[in-house]
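Visitor: Listed below are the residues making up each chain.
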Amino acid sequence: MTGPSLHVTDEELVAAMRTGEERALSALYDRYSESIYSLAMSILRDAGEADEVVADAFLRLWNTTDYDPRRGSVGAYLAVFVRSRALDRVRTLRRQGKAEEARAARDPSGLLLPVAEVADRPDEELQRGEERARLDEALGTLTDKQRTVIGLAYFGGLTHREIAEELSEPIGTIKTRIRDGMLKLRDAFPFTLTST
Amino acid sequence: MTNDTRWFEMAGGYVLDTLDAEERAAFERQLLSDPALRAEVDAHREAIAGLAHAAPRAAPPPALKDRIMREARASRAGGAVDEERSGAGALSPPEATGRDDARVRAGEKGPAGAARGSGPAPSVQRARRGGQWLAIAAALVVALGLGALAQQIEQRRAALADELVRTQARLDSTATRLAERDSLLSTFLGPDVVTAVLSGTDQPPSARIFWNRATSTMLVTAFNLPPAPDGRTYQLWGIAGGDAPVSLGTFQTDANGTVVVQRAAPVGVTFDIGAITEEPTGGSAQPTTAPFLVGSWTGG
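Protein sequence lines, in the order shown, are assigned to chains A and B.
Residue numbers for the first sequence follow this note's numbering, beginning at 1 and rising by one.
Residue numbers for the second sequence follow this note's numbering, beginning at 1 and rising by one.
Incorrect hints may have been included.
To be verified - Which stretches of chain B does chain A cover? Using the computed rule of at least three CB atoms under 8 Å from a CB of chain A, they are:
(1) 12 to 19
(2) 41 to 55
(3) 64 to 75
(4) 192 to 199
These are computed hints drawn from the structure, not numbers from a lab.
Ideal placement from N, C-alpha and C gives every residue a C-beta, glycine not left out.
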């Protein structure tokens, strides 16, 4: 009989979860919750809001078959979902005129902190995982300007046009920077979001 | 599929959700019919998912997991899964949850809004009311821990591994047979091959002989030829001009009246006629019965 130290892959956990196995959902939560919660917090800046989108993500994974393992990792699915939901919430706050809440999403200094610290202060974090190290390497292939526009888009949810306005630069320039930066990221770290 | 690089250049912006509404709509129309573009989007999605690691670490509150597990248990116990699945479609996150201002303005939760806002979706709430005891039972299952799940999965994985080995063995066997067939075909379809179609006055049966002179190999095929009786066999003969027949070996057909057999052919001789007779088991030095299948060699 094999002991509980066995490593169960994400694919196996997802398959088990789809048979109604709650322990599989629990295990997936343990693997990914910190990563996606951190992402939600970095966008929303509000613990209650972050709770909601993270709960949304795992319950959707549990309740639907939207996630297709053939199209990517479950980590990517959760991260993309959480980012999208969090940005939707930020946009709603903007429309509702809650300037204080929405301010975070338009504050380049705050938004760029995550990317900037990776790029400029690589030694600050004491315990970076392998994925973080690969992220450092990948972001290192981008120019500062590319990191800036991708940071504004990723954490702030700004469109080409909004970024152009924010930086007072032509929209064509912004599109080019995003296109080139994303191609570099795609080629530099085709990794999957992993457990923390 | 398209060779238009414009779409591929837009893939990063699509995944980042920086395209304006018009660009996004056009891109999504293209996406529907372009699997290569879909793969590009998936690759970009994996890449940007990694950007989550750039976020400063923040630990989720312990109560969050309890809440999620509780709601998951309640939804499954109450049959909310089918309800969710029937209405959710199969969209992936970027397509399902992207910038949709109209939807948000209208207060719709969209396909991904099951547990949005003040609490779980209605289906989850209904399930929770009716499934308390099931939730308790499920909690006991959860208390067994992940180790038991790992064991179950490992057992399943081991079974699949065994099946894989068996499947691989079958594939190897099939590959070997195919290689033999390929070799056979190349041997008897080459330019050095002569053939003889042997037939009798009353069809069927029939036989066909392929003789590759370059490799001195012969393929004997016969159809609708009942097996020779006990103590008897079939014997193939080659006849050149007025010379005595030369034995080219004996053979037997199977219960279906078929034989496909390869054997060595004599070297340095040619024949005008091929013939098959029925002979005592072990064959005869010369035919002891009249040939019932006869034909001429052609080709080569």
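Visitor: Decide, hint by hint, whether the structure agrees.
Guide: So, going through the hints one by one against the coordinates:
no.: 1; hint: 12 to 19; verdict: holds (count 7)
no.: 2; hint: 41 to 55; verdict: holds (count 14)
no.: 3; hint: 64 to 75; verdict: holds (count 9)
no.: 4; hint: 192 to 199; verdict: violated (count 0)
Violated hint for the displayed structure: number 4, the only one.
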